[in-house]
Amino acid sequence: DVKVTQSSRYLVKRTGEKVFLECVQDMDHENMFWYRQDPGLGLRLIYFSYDVKMKEKGDIPEGYSVSREKKERFSLILESASTNQTSMYLCASRPGQGPAGELFFGEGSRLTVL
Amino acid sequence: DQQVKQNSPSLSVQEGRISILNCDYTNSMFDYFLWYKKYPAEGPTFLISISSIKDKNEDGRFTVFLNKSAKHLSLHIVPSQPGDSAVYFCAASSFQGAQKLVFGQGTRLTINP
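As they're listed, the protein sequences go chains D and U.
Counting from 1, position 114 in the first sequence corresponds to residue 114 in the working numbering; the numbering is continuous, with no gaps.
Counting from 1, position 75 in the second sequence corresponds to residue 75 in the working numbering; the numbering is continuous, with no gaps.
Be aware that a few hints might be false.
[Stated by the list, open to error] In silico DSBU-like pairs for lysine-lysine, Cα to Cα no more than 30 Å straight-line: (1) Lys100/U x Lys55/D; (2) Lys3/D x Lys55/D; (3) Lys100/U x Lys70/D; (4) Lys13/D x Lys71/D; (5) Lys3/D x Lys100/U; (6) Lys57/D x Lys5/U; (7) Lys5/U x Lys55/D; (8) Lys71/D x Lys100/U; (9) Lys57/D x Lys70/D; (10) Lys3/D x Lys13/D; (11) Lys100/U x Lys71/U; (12) Lys37/U x Lys57/D; (13) Lys100/U x Lys37/U; (14) Lys100/U x Lys53/D; (15) Lys37/U x Lys68/U; (16) Lys56/U x Lys68/U; (17) Lys3/D x Lys70/D; (18) Lys71/U x Lys5/U; (19) Lys100/U x Lys18/D; (20) Lys71/U x Lys57/D; (21) Lys37/U x Lys5/U; (22) Lys71/U x Lys3/D; (23) Lys18/D x Lys71/D; (24) Lys37/U x Lys55/D; (25) Lys70/D x Lys13/D; (26) Lys71/U x Lys54/U; (27) Lys70/D x Lys18/D; (28) Lys37/U x Lys71/D; (29) Lys57/D x Lys68/U; (30) Lys71/D x Lys3/D; (31) Lys54/U x Lys5/U; (32) Lys56/U x Lys57/D.
[Claimed, not checked] Quick look at which bits of chain U chain D covers, simulated, 3 or more residues with Cβ under 8 Å: (33) 12-21; (34) 44-51.
Worth flagging that the hints you see were computed from the coordinates, not collected in a lab.
Note that CB positions come from ideal geometry on N, CA and C, so glycine has one too.
Pulled out of the complex, with its shape left as it was, chain U reads as follows (with noise of 0.2 Å):
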């Protein structure tokens, strides 16, 4: 039982345009949530995180949204830059499971100059 989906598995954008990268949830217990970046041969790091009281957050090029109703969040990043390459993952945990980060499939975002 996927609980955290990203139906995406990759998507292309042009340099200097917009990617918006898509997760839906089903657990109404998560409560916060996060995205992950990966380069081939390197594990996941950090990106930018979001707490269920919110419904945006910015840090740089990049910003995600929750829409809690829905159970959807999105990462947006732009201007999208060649180094932007990667696999992003969304993850999300809830207060109760609280050691637990669940992961989503994964997206593959190719940024062509």
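One chain only, chain D, in its complex shape (with noise of 0.2 Å):
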């Protein structure tokens, strides 16, 4: 079975800190990508990765950034959290190339930050 994994389920932060979010899959998947969920929003793609080092902004990459200095792990960073990054955030991947298809997503992070 895939297993992709979150590092924190829930995390409380204050406006300004730093925040990590870790994500690892077992299956050696190429791409990974970030979620987040809101009400009324659905999902909405942060960032992806298609490859080590490789990164691409999704459609709301703004006040965050990522890293992927290994095949199975894709950190999001959030540099300064703020209110409205309080979210339910979701890390997914899914292997290969070509048109998207099932995505493998772990249990999801939930963020408040006050």
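Once you've looked at the hints, go ahead and assemble the two chains, each given alone in its own frame, into the complex.
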């Protein structure tokens, strides 16, 4: 079974703090993604990576950065957390190139910024 | 600009009856569509998909219908079971934007016993 593991299920941070969200997948997938889920807005793509050290902006990259130093690990960084970044963050992975297919999601990290 | 829209935030259906979840899209370049199911405190899981070369795909109790001219797809669940209670997201992608899935807002389905 594919497993996508997000390091923290629940986090509470203060405005201005630097926040790291870690994601690890165990199926040697080339592609990894960070989404955020908000009520009424669905899932919105923040960043994705199709190879080690490669990254591309999604639809809402502002206020976020990412790091992919190893194939299995994809980190989302909030340089200076703000209250509007309170959300559920979902990491996902999938194999190969070509048309988007089935994504495998982690269980999510619920971040609250006070 | 919401390219994939699920206009019903919630839906309540009696156990054993048919559940129909709807999804509309605006980007005519989308050529692959998926449905995901999400339980509280869990990540979304893939349910069923359909390519634009088809108009129907069936997997057990789940059937997805695609109407390209109307830019509309629907997910039918029959018969509905209590375990189907979840939030359902439709998603779409295009070959040109191959790495990106665009999701709808989600519909919360509740199956009543």
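- Of all the hints given earlier, name the ones this structure violates by number, lowest first. 22, 32, 33
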